[in-house]
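Protein chains: 4
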Amino acid sequence: MVVTGYYNEARSGRGLYAHPGEECGIFGAVGHEEASFLNYYGLHALQHRGQESCGICSSYGGRFHHRRGMGLVKEVFTQEDLLSLPGIAAIGHVRYSTSGESHLVNAQPLIFRYRGGELAIATNGTLTNAPQLRAELEAEGSIFQTTSDTEVLAHLVARSRAETLEEDVFAALNRLDGAFAFLILTNEKLIAARDRHGFRPFSMGTMAPRGKLGVATVFASETCAFDAVGATFDREVEPGEMLVLDDQGNRESLQFAEPARRGICTMEYVYFARPDSDIDGINLHSARKRLGRRLAREALVEADVVTGVPDSSISAAIGYAEESRLPYEMGLIKNRYTGRTFIQPSQGLREQGVKMKLSAVRGVVEGKRVVMVDDSIVRGTTSLRIVRLLREAGAREVHVRISSPPFKNPCYFGIDTPSREELIASRLSVEEMRQAIGADSLHFLSARGMVEAIGRPECGSPDRGHCLGCFTNEYPADTYEAAGGQPRGGEEEER
Amino acid sequence: MVVTGYYNEARSGRGLYAHPGEECGIFGAVGHEEASFLNYYGLHALQHRGQESCGICSSYGGRFHHRRGMGLVKEVFTQEDLLSLPGIAAIGHVRYSTSGESHLVNAQPLIFRYRGGELAIATNGTLTNAPQLRAELEAEGSIFQTTSDTEVLAHLVARSRAETLEEDVFAALNRLDGAFAFLILTNEKLIAARDRHGFRPFSMGTMAPRGKLGVATVFASETCAFDAVGATFDREVEPGEMLVLDDQGNRESLQFAEPARRGICTMEYVYFARPDSDIDGINLHSARKRLGRRLAREALVEADVVTGVPDSSISAAIGYAEESRLPYEMGLIKNRYTGRTFIQPSQGLREQGVKMKLSAVRGVVEGKRVVMVDDSIVRGTTSLRIVRLLREAGAREVHVRISSPPFKNPCYFGIDTPSREELIASRLSVEEMRQAIGADSLHFLSARGMVEAIGRPECGSPDRGHCLGCFTNEYPADTYEAAGGQPRGGEEEER
Amino acid sequence: MVVTGYYNEARSGRGLYAHPGEECGIFGAVGHEEASFLNYYGLHALQHRGQESCGICSSYGGRFHHRRGMGLVKEVFTQEDLLSLPGIAAIGHVRYSTSGESHLVNAQPLIFRYRGGELAIATNGTLTNAPQLRAELEAEGSIFQTTSDTEVLAHLVARSRAETLEEDVFAALNRLDGAFAFLILTNEKLIAARDRHGFRPFSMGTMAPRGKLGVATVFASETCAFDAVGATFDREVEPGEMLVLDDQGNRESLQFAEPARRGICTMEYVYFARPDSDIDGINLHSARKRLGRRLAREALVEADVVTGVPDSSISAAIGYAEESRLPYEMGLIKNRYTGRTFIQPSQGLREQGVKMKLSAVRGVVEGKRVVMVDDSIVRGTTSLRIVRLLREAGAREVHVRISSPPFKNPCYFGIDTPSREELIASRLSVEEMRQAIGADSLHFLSARGMVEAIGRPECGSPDRGHCLGCFTNEYPADTYEAAGGQPRGGEEEER
Amino acid sequence: MVVTGYYNEARSGRGLYAHPGEECGIFGAVGHEEASFLNYYGLHALQHRGQESCGICSSYGGRFHHRRGMGLVKEVFTQEDLLSLPGIAAIGHVRYSTSGESHLVNAQPLIFRYRGGELAIATNGTLTNAPQLRAELEAEGSIFQTTSDTEVLAHLVARSRAETLEEDVFAALNRLDGAFAFLILTNEKLIAARDRHGFRPFSMGTMAPRGKLGVATVFASETCAFDAVGATFDREVEPGEMLVLDDQGNRESLQFAEPARRGICTMEYVYFARPDSDIDGINLHSARKRLGRRLAREALVEADVVTGVPDSSISAAIGYAEESRLPYEMGLIKNRYTGRTFIQPSQGLREQGVKMKLSAVRGVVEGKRVVMVDDSIVRGTTSLRIVRLLREAGAREVHVRISSPPFKNPCYFGIDTPSREELIASRLSVEEMRQAIGADSLHFLSARGMVEAIGRPECGSPDRGHCLGCFTNEYPADTYEAAGGQPRGGEEEER
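Chains as they are written, first to last, in my numbering: chain A, 1 to 495; chain B, 1 to 495; chain C, 1 to 495; chain D, 1 to 495.
One should not assume that every hint holds.
To be verified - Simulated restraints on C-beta separations:
id	chain 1	residue 1	chain 2	residue 2	range
1	D	86	B	357	27 to 37 Å
2	D	60	C	358	30 to 40 Å
3	B	164	D	421	36 to 46 Å
4	C	462	D	232	48 to 58 Å
5	B	171	A	379	51 to 61 Å
6	B	248	A	379	40 to 50 Å
7	B	79	D	421	35 to 45 Å
8	C	420	D	75	31 to 41 Å
9	B	422	A	234	33 to 43 Å
What the hints assert, rightly or not - Computed list of lysine-lysine pairs in DSS-like fashion (alpha-carbon distance at most 27 Å, straight line):
id	chain 1	residue 1	chain 2	residue 2
10	A	334	B	357
11	C	334	D	357
12	D	334	D	357
13	B	334	B	357
14	C	357	D	357
15	D	334	C	334
16	C	357	C	334
17	A	357	B	357
18	B	334	A	334
19	B	334	A	357
20	D	334	C	357
21	A	357	A	334
If you are wondering where the hints come from, they were derived from the structure by calculation, not from laboratory data.
Glycine included, every Cβ here is placed at the ideal spot set by N, Cα and C.
Could you put the whole structure together from the sequences, leaning on the hints where they help?
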């Protein structure tokens, strides 16, 4: 039982504040007598959104019961642990570390006590004005113990002067810019809130009554968690909405901010969310197959087989294969047992071809012209490696097809991305990229093709309510990118 | 660092001896200065063949260096551990427990000292005459500390009276019946041996010279391990062959037994081996796609989508979809993070629909007629559960298609199977099975269709050198099934 | 790597604030290139002051490096961990849990960032006005994440409006009442401070120059830590003193509060500190032997052997034996391997006499009249158990001699004690206690005898600068005991 | 859950066979429904005899239940583990590694299956003819998986041709030379046996009836384990005796070998056994005090204080102090929290005086003439270090007094000792030793003084039934010391 870590914020500059994305998953349940067990199964279904740490906090008997730890949900919690988290309301969190360093101190939910009572908070997203808010709060005498945006919210709540805890939260939420989904547990209530643009997916579901309790309500970053616990999707938490639920089943909906330009993250559709989740009613696997079909129409190539990069590109590859009438083959295979703790091979062994995670299937690709479908190219190094794997396994030609446009700009709204300099598409043309990764041909799906294939309803804007910032550098909200953290208006931005 | 377990052999009857299958993977390397690292990566590639325990033993400086542990390869070995396993020859093992109980004492390689020197042994397979040999050895005063067949071999070697260790091994191998692939390390040699029927896959590969050393030789249960370490497939270890390699690169091939009726395990093709492995030159993914195509030809059905049960049936499902011109969809999804240690949901949560491992994708199957392709039906409980999942997710019809014939008989040659009574196909007709699992239709691939689709060369026998015992009750070798362990000739058996 | 715990503060009443003592040990080093290693060995020497959790924080390269964990120093830190805590200044902490519940979140040093920079804080002691300060800080909008007094200090520092970090700390210290020794690390300085009464021992030592560095300075709760690291005792940190050291070897002494009535904790002399430590120049083993000698003079008894309760009462027992000319015998023995995680015996086994920790030595006590010397009686249950052990082992008579007066009142200044109701001496007379514990006779050392035997210099007051509150209910400072946390003047208190 | 280790037997020479002592503790219980819990508490009391590994095996339902692990009893076993070891008979073992390498494979009890049934064996001691027996067994075709003598016994049992398991054990025991105490569990019986010289202590106790069961019988290496479980000492297992107990309470005593010259290990009295144990009716603490008293009479010195080296020499030091009328002081103190896993200080820190385990108490020894009592001098390095510690803490003179004669010869009968070359007393005279360790004076207790002080009954031989081999090179049995393992008659040996 050990915490290790570097408290590595620089004193000035962007330092601490340059956390360009915390990919996470959150879950909450109220009105169910096994609320912490629901969290366990729900968080397990969201495990792909974060594997570094996890935690659950329940409320029972006027106080919180919580447990957090480094590692996977199944590793952190024992049955005994869950039994020690009683109560009919609980929230949980899985966290992905952007820095590569482990910070148990940042594991969520975080617990705070203030004038108005106690709060447990779980967050998914990134507050773009966190640096400004931190500076302001520090100037007023606040202290910070973590690098998490969650702590910013807690301080804002504590400094509000409203009558009730709900009003304090309401006032605090109003101060926040950026992308976020919050679950806040008090000793009596569960509060859910989503940013005004609706960047991150966040849904509400219900579970049939059981025992003496009425209908239970659950919240999750993705709907696959509802399937995992046997809940039924009810609706999305709306942009700018704050929902307050108590344990008697009462539910109140408030609008803490006017809904702004809609900006659901496109990368959730392209690769991040689980294929069995729906976002705004659109199933992800089906959307990805449509991306693959559209890609085949935009960039067909004469070839023998289609293969996808597991796991995230399988759906798109199958779509490409079906549309192109080429056979889909398992040309690349991923070792299911690879994990964080793997021993890296020596330089010599790497040169001899030791592989750990992904291998090309000689029996499938040898002598073949291969279409390799992937969801995106970020730094280009992975694509280069996979093209090489395929060639070493005997592929005659390798045609790379990407089911999204070139990824040129960092994300400020919750997806972990490298700096712009490291994004290969921001430096190179498509032809230069093709050469860099060693492909025989390379094509990206068009932005328009992508948006149409995903299939969100038309809404008067060509982006159909997507945030396309990573492709177009046009963000639906301020990014606060410039040094000093000045807001940079996304909408007025020229490409 | 703890061993726990039940020493659960009964005193008489089948007791200890009724180990109806030890699915395992073995790997060995000689002539490579990072032999234990090669084992690490090679065993990792074979992890699907056994997740309970693993071990590596190297030879250096006239003695053995070994490490074994419970769990996955990546969990058991640290870099420091591998560095403490020096030498240019090493063998390793991954083990799957058939009993559900953990026995570190059974983890391999096992180390023995006898009159002629020291032996480290790693095994994949099942000795059908182990009970007879154990009884005979005990009568002569042998003691047994494990339930492993490996110990039987060691005793036979020790009781041989030959001149050299190799001759002792040769004589011992000759006494063994059943399915096996052995890797035996001595302080000077590496010995590989395969049973006379060639039940279990076992291949030899080579690695290009490096540093002062010449060509290195590697052995593995499956060829995917060669890809993982950058080795090139050389040839299969032949049935009845014993290969002796020394660290100067000399290789000697002996025939310890006449090759008998060939009987490569069909289930390795159908579901057990990794799709990127080849057996006798046949790629597994491709073979499974052909099984799916053949199945579509034998049992087409009008439907909207085809889906496979992950992970093993995806290839067959894609084959079925291509042949039937139906779209392949990801109608079922498996949680990648599920593992051994998962907390089971309470009865109440199970009734509310809590799922841990597999879920059906509503967005894909709702309102659809679904063809669900699976590789086999064993007890029928899994199929029943999956059909239900699909119906609960809104599937209008569920048509189950199995890419192998009905599984009616236990395996005596190394695949873990339940007793005949538990095999649903041994009790029910196909129509009864259909009703039992709640499918709208159910079809199995014919034995002939299976054998032809796999595509091994014709060899004058309709089984093309496969063991089809689990389907036909006709085994290529004695099964010693009867009480008292009397041999039962497989070939004379009537279906 | 897991945090577990209950966030168990009640919303009102004494709740969170009733932490009647955090026994801890702190260590700090500045000016030594292996500062974190010094912390490791120093904290190890202080391990008896707290076994629940520990932590070290070093400063290097303008930022903090820290590691905390549950368990003993030797369990939490590996060599690699210490190497990852570079720098020539570091502070550390060992913590004893008063609640019996594990709170990694409370493990120290705690790290804070505020307007003026970063602080790492390690504390030993109890702030008696913490509830008032917390309430005041919460009213101003502060949030609390732990139950530690350390967080109170951090908030006070953050809310100070001084020019420099040192001045902020100075101002904050001035607000604190109670018993405390603080070590505060910043990125440039090490600050040590002790409460105005000097309740808890806190010393400064030096280490000879080494390499390019000059004389290093170390701080520790007890001088035994200086011996452990090869440092030389320099002087006590004075009551009300704040020492500021930088890494160039400069040392500044400030007086943040006027020294008040001196009140060194008597129980540190009686049982808590290690026998090889000195407090105010008095060696603890020698002081305890003098307590035993005085006890023999005050309460001699005709007996055959003297025995002490290991480990803390051995010195006093030897003193008693020497003074009384009775042989000292090892009549009670403690199992060295007992620890936190021990499995409790079933009721049946307890009745059969299963013992885990302490046993009486039949060969020594059988048929003998035994004088059993102990340092104190708190609840009386332990004394009862030991008297029984001795009788069961055949002791003919058991005479209990206690080397301190009856323990009647809880400690508000850093020693973990039960409530007054649980203190047997607050409810029963000495004769009633004798009957309750089943002794043939029972005598306590007089308060005057104790103070004289310890031997601190006369200082015009009969308590010679001790806090005798637990014996006399007269405390040298406010205890804030009453409901609502109103201060209760200790000095004016009548017995 | 990991086994690591080097299988480090050389092929020839003494290699594997040179295990010059396995200090261990064994415990067994039969006829008690919580037999495995009794083992837990009993082994815990014997923990000082071995901390490397431990194990318990119980018999229930016709089969064994066992668990072994590396580490302390309290670390290896959870309550759940003990509950999974049911039955009314169980044996257990704690093991001390002589090699410094960890071998879980050598952890006991070991389990064997042979012609006659199953055996679990736990051993304390060393078979002096193990090399001969191993060679003989290997020649007959036996294989060895461990380096433990236990396996030799198992092979001998298996190769016996008697009618019953008991007779097989009887015949096997008869073949063994050396020092041993065995506990052997079968599915129906518990067998206890002790070598014909009675080298190692081994006692039998009883527990009062409970529930439906009659009187339970327990066995232990030391009687302190009886106190720990509430059992009453019954009698020693006699030299050459084999006791067979069944679960109905029947007890049979057989003599498998004629009792030979008695040779109880003197070092058990001097330092190895726990002070609260009795051996042959003599309490160890009392015996050690008498050794100290005798030492004072033999080697008085003018001094100020007496101190003992903790923990083993405290009793002798107190005896010395009482006899010499000098005050006993705690001049040396041992850190209770030091353990196996401690990080060693760097060379620089060692030179600066970092100490981990033992420190001298300046407040006690400064300016004093100190008598330092220790139980033995083996290599001399520890004595040198302690004398230095005392001088650095200010001792004016250091007079070393050893409560046993010079330790000149290795032990072949179960105590871990270095080779003769490393024994300082085999190379240097007492005066040379005094200089080597830097003492002002050095005296050893005479052999006669030691034997008389211990106080075993006179038995017609001056050694009173002790083995004095390590002092006199005269052993009561063959030592098989010479290369090639030829027996060397101890009694005829000239010094």
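Going through the hints against the structure:
1. D:86 / B:357: 27 to 37 Å: Given about 33 Å between the Cβ atoms, the range holds.
2. D:60 / C:358: 30 to 40 Å: Check passed, 32 Å falls within 30 to 40 Å.
3. B:164 / D:421: 36 to 46 Å: holds (39 Å)
4. C:462 / D:232: 48 to 58 Å: holds (53 Å)
5. B:171 / A:379: 51 to 61 Å: holds (59 Å)
6. B:248 / A:379: 40 to 50 Å: holds (45 Å)
7. B:79 / D:421: 35 to 45 Å: Holds, at about 37 Å.
8. C:420 / D:75: 31 to 41 Å: Holds, at about 38 Å.
9. B:422 / A:234: 33 to 43 Å: holds (42 Å)
10. A:334 / B:357: Answer holds: residue 334 (chain A) to residue 357 (chain B) is near 18 Å, not above 27 Å.
11. C:334 / D:357: holds (18 Å)
12. D:334 / D:357: holds (5 Å)
13. B:334 / B:357: holds (5 Å)
14. C:357 / D:357: Satisfied, since the Cα-Cα distance of roughly 22 Å is no more than 27 Å.
15. D:334 / C:334: holds (14 Å)
16. C:357 / C:334: Cα-Cα ~5 Å, so holds.
17. A:357 / B:357: holds (22 Å)
18. B:334 / A:334: holds (14 Å)
19. B:334 / A:357: holds (18 Å)
20. D:334 / C:357: The given pair, whose Cα atoms are some 18 Å apart, holds under the 27 Å limit.
21. A:357 / A:334: holds (5 Å)
Consistency with the previously given hints is maintained throughout, with no hint failing.
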